[in-house]
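With the sequences and hints as input, model every part of the structure.
According to my numbering, the stretch in the sequence shown is residues 6 to 421, in order.
These are calculated hints, taken from the structure and not from any lab test.
Warning: the hint list may mix true and false statements.
Here are the computed lysine-lysine pairs in the DSS-like style, where the Cα-Cα straight-line distance is at most 25 Å [stated by the list, open to error]:
id, residue 1, residue 2
1, Lys149, Lys89
2, Lys65, Lys89
3, Lys305, Lys252
4, Lys65, Lys41
5, Lys111, Lys65
6, Lys298, Lys252
7, Lys111, Lys41
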Amino acid sequence: MFGTGGGLLEYRASLLAGKGFAVLALAYYNYEDLPKTMDILHLEYFEEAVNYLLSHPEVKGPGVGLLGVSKGGELCLSMASFLKGITAAVIINGSVANVGGTLHYKGETLPPVGVNRNRIKVTKDGYADIVDVLNSPLEGPDQKSFIPVERAESTFLFLVKFKMASSPAVLRASRLYPWSLKSWAQLLRSPQMKQVGRIIRVPARMAATLILEPAGRCCWDEPVRIAVRGLAPEQPVTLRASLRDEKGALFQAHARYRADAHGELDLERAPALGGSFAGLEPMGLLWALEPEKPLLRLVKRDVRTPLAVELEVLEGHDPEPGRLLCRARQERDFLPPGVRREPVRAGRVRGTLSYRQNLGPFLGLWTCSELEVACWSIGLVCWLGRVLLCWLWLIITMKTSPRPWTSSIWSTLKKP
Numbered sequence: 006m007f008g009t010g011g012g013l014l015e016y017r018a019s020l021l022a023g024k025g026f027a028v029l030a031l032a033y034y035n036y037e038d039l040p041k042t043m044d045i046l047h048l049e050y051f052e053e054a055v056n057y058l059l060s061h062p063e064v065k066g067p068g069v070g071l072l073g074v075s076k077g078g079e080l081c082l083s084m085a086s087f088l089k090g091i092t093a094a095v096i097i098n099g100s101v102a103n104v105g106g107t108l109h110y111k112g113e114t115l116p117p118v119g120v121n122r123n124r125i126k127v128t129k130d131g132y133a134d135i136v137d138v139l140n141s142p143l144e145g146p147d148q149k150s151f152i153p154v155e156r157a158e159s160t161f162l163f164l165v166k167f168k169m170a171s172s173p174a175v176l177r178a179s180r181l182y183p184w185s186l187k188s189w190a191q192l193l194r195s196p197q198m199k200q201v202g203r204i205i206r207v208p209a210r211m212a213a214t215l216i217l218e219p220a221g222r223c224c225w226d227e228p229v230r231i232a233v234r235g236l237a238p239e240q241p242v243t244l245r246a247s248l249r250d251e252k253g254a255l256f257q258a259h260a261r262y263r264a265d266a267h268g269e270l271d272l273e274r275a276p277a278l279g280g281s282f283a284g285l286e287p288m289g290l291l292w293a294l295e296p297e298k299p300l301l302r303l304v305k306r307d308v309r310t311p312l313a314v315e316l317e318v319l320e321g322h323d324p325e326p327g328r329l330l331c332r333a334r335q336e337r338d339f340l341p342p343g344v345r346r347e348p349v350r351a352g353r354v355r356g357t358l359s360y361r362q363n364l365g366p367f368l369g370l371w372t373c374s375e376l377e378v379a380c381w382s383i384g385l386v387c388w389l390g391r392v393l394l395c396w397l398w399l400i401i402t403m404k405t406s407p408r409p410w411t412s413s414i415w416s417t418l419k420k421p
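Here's what the structure looks like:
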């Protein structure tokens, strides 16, 4: 589940489904006949969703897991605390106090934590900083907004952005321990931390991601934008492209690059520092592909199937490949969408006719390889030789043994 904004977002569910999960993307407001706002929410609606998922034939059970972001994470925490059948919950930047509206469940009510709009700060970029707007649920009447996580029988994973750890209402995991949080530093030093397993402090930098535009599949002659995000500032990396042809022969190209000050790399702006090519060559990793074995050529025999190009980002500039940071795969087609391919067998003509349907007529174009040109040339020479031999035979015959029918032909040939 996602946070404020409502509606139904399915992309995360579909991605997780590709990993082998049965995933229900759940809308809870501002969608079809659901409430237009989240001022009042009833946990019975979420309980119905859990029961539906547990009863589905594609769900193994005996429990389900939850994944929520922001307000969605907070609701996942409430579901795990009040409902049965929840075995695991991942809370991403969610609160352990009820925020933004009243939550009801079977006679119990969690009021929203209080808000002090005077604490809104405006950054130099013009953005509103609302980290300190919510009251602390550790004191005063706002303690009633705490979600009773002590009732939960689930396993939790809390993911929290480090800067948000000081927000009073975003105390997250600290609510699981019987103490008063003064600061994030106190959380790390507190002896109460012995009551839990461990806290892992993760650097804020994201994992490296290789971005291809267009992604997935495109035509072989279509330009592709290659970019890498999530690198360290000025990090040296090597990009490598590889593919195998229809016979399994390997073709590869590589180039060395350096990320910019933000840890990003865009081949449209960053020049290659060496490798299979150098300089600003956005498509260099494709046109510079070379065979692993010499004297091989990259020839596509069957245009109905694509060639799969694998792109890898490797650490460092060493001659030997470094640690693999990320990779992506792209299939490049040779038969564009809408093109019809017809084998031709007409008389002695053998070939394939390709055209876009319902858009003709078109200019005719004949294509052939060097081998085909050589065969046609040899055939043409042989045919001309046979014509010449027949011509000589006819002349000799008419001169040596003239007949009435040859005399007229001979007289005609001698005319200028």
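Now the hints, each set against the structure:
1. Of the pairs offered as hints, the one joining Lys149 and Lys89 holds, with about 22 Å between alpha carbons and a cut-off of 25 Å not exceeded.
2. Annotation: proposed proximity of Lys65 to Lys89 holds, straight-line Cα distance about 16 Å (limit 25 Å).
3. Pair hint Lys305 plus Lys252 holds up; C-alpha atoms about 10 Å apart against a cutoff of 25 Å.
4. Between Lys65 and Lys41 the alpha-carbon distance is near 33 Å, which puts this suggested pair outside the 25 Å criterion.
5. A distance of roughly 28 Å separates the Cα atoms of Lys111 and Lys65; the hinted pair therefore is violated under the 25 Å criterion.
6. A distance of roughly 13 Å separates the Cα atoms of Lys298 and Lys252; the hinted pair therefore holds under the 25 Å criterion.
7. Taking the CA atoms of Lys111 and Lys41, the gap is about 22 Å. The hint holds against a cut of 25 Å.
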